[in-house]
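Engineer: What follows is each chain in one-letter form.
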Amino acid sequence: MDNPLHPFELHPFGQLSLFGLDISLNQAVIMMWVVVAVVAGLLIVAGTSKRLVPTKLQSLAELLVDFIRGMILETMGKDGMRFFPFLATLFLFILFCNLLGLIPGLYTVTSQIVVTAAFALFVYGMSVVVGLARHGVKFLGILIPPGTPLWLLPLMMPIELISQLARPLSLAVRLFANMTAGHTVLAVLFGMALSLPLLIAWLPFAFTIAINGLEVIIAFIQAYIFTILTCVYLGDAMHLHGQDEHAH
Amino acid sequence: MPPSTDPFYAGLGQAVRIGTELLAALIVGGGLGWLADTYLFASAPWGLVTGLALGAVSGVLNAYRAAQRWK
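Going line by line, the protein sequences match chains A and B.
Here the first sequence stands for residues 1 to 248, numbered as in our numbering.
Here the second sequence stands for residues 1001 to 1071, numbered as in our numbering.
If you're looking for bench data, these hints aren't it; they were derived computationally from the structure.
Where is the CB? At the ideal position from N, CA and C, for every residue including glycine.
One should not assume that every hint holds.
[To be verified] Across the chosen pairs, the derived CB separations fall in these ranges: (1) Ile144(A) x Leu1035(B): 19 to 27 Å; (2) Gln1068(B) x Met126(A): 19 to 27 Å; (3) Thr48(A) x Tyr1064(B): 43 to 51 Å; (4) Ala1015(B) x Thr48(A): 34 to 42 Å; (5) Leu196(A) x Leu1040(B): 49 to 57 Å; (6) Leu1040(B) x Phe86(A): 33 to 41 Å; (7) Gln1068(B) x Phe207(A): 35 to 43 Å; (8) Ala1015(B) x Leu18(A): 40 to 48 Å; (9) Val1060(B) x Pro146(A): 17 to 25 Å; (10) Thr89(A) x Tyr1039(B): 37 to 45 Å.
Isolated chain A (complex conformation) (with noise of 0.2 Å):
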């Protein structure tokens, strides 16, 4: 039987190198362009009819823009707008890299926890930049909760400094170890499959595909809570505890 984790190892195809920095490709790189490709070409084609009467892919991408319009009103209310551009790229990047994993054979970037890692710190990094140009040195006051007494604080400043920074990490970590651990089980599945006699095989096979269906809904449900926690953290940067908060 393979080894599971098979499907996550990288290969560089030949040598290439820029300055001493080794910058040969490997299936991660190559997948990243064909996603990028994918969605651009997707939203390009969908965006040159502009029909009163959608078509097929038009109302796609319009359902698709009008999802994630509803997600940044949601948490960060109107000025949150201008964020759409980089949350909409965000959103839909991360969607089509696990979508497109779950087809045998090609490569799924997001198992990798190099690329969330980069994706959760510049998330985090611009939630951080965000606050300290709006708000100058009072955004420091996010590690104080509102309405802490004053003998609180050396316990409650640890605290939230602590919470803040668990942030990105929980970030990086949730997509790849959903992604990491979904694909395991899924070669688990078909390797059973594959070194089973006939007369039992079918059942890991049928697990096979019901869990690929699961992962489907999975993908979404990784791609939907990263964006919304991105929207989150620069809502909270953009409005210190909720002062004129929107929703909840």
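Given chain A, work out where chain B should sit, using these hints.
Structural biologist: Chain B only, in chain A's frame:
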């Protein structure tokens, strides 16, 4: 789009979230404590112990906040 409309998917999303929330804060707390032990003060094992305790507290706090948002 299922997650925004169907309460089942919205709930599933929240449930998946809270578990990692607990764990991540614990790891960060313990990690910071361990760093303080090793590089700042020669206080081993107290930095790690305090860090883990604070991390556990802040993990519960994070999970509580995540659940609050869901109401």
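Engineer: Honestly, which of those hints from before does the structure not fit?
Structural biologist: Violated hints: none; all satisfied.
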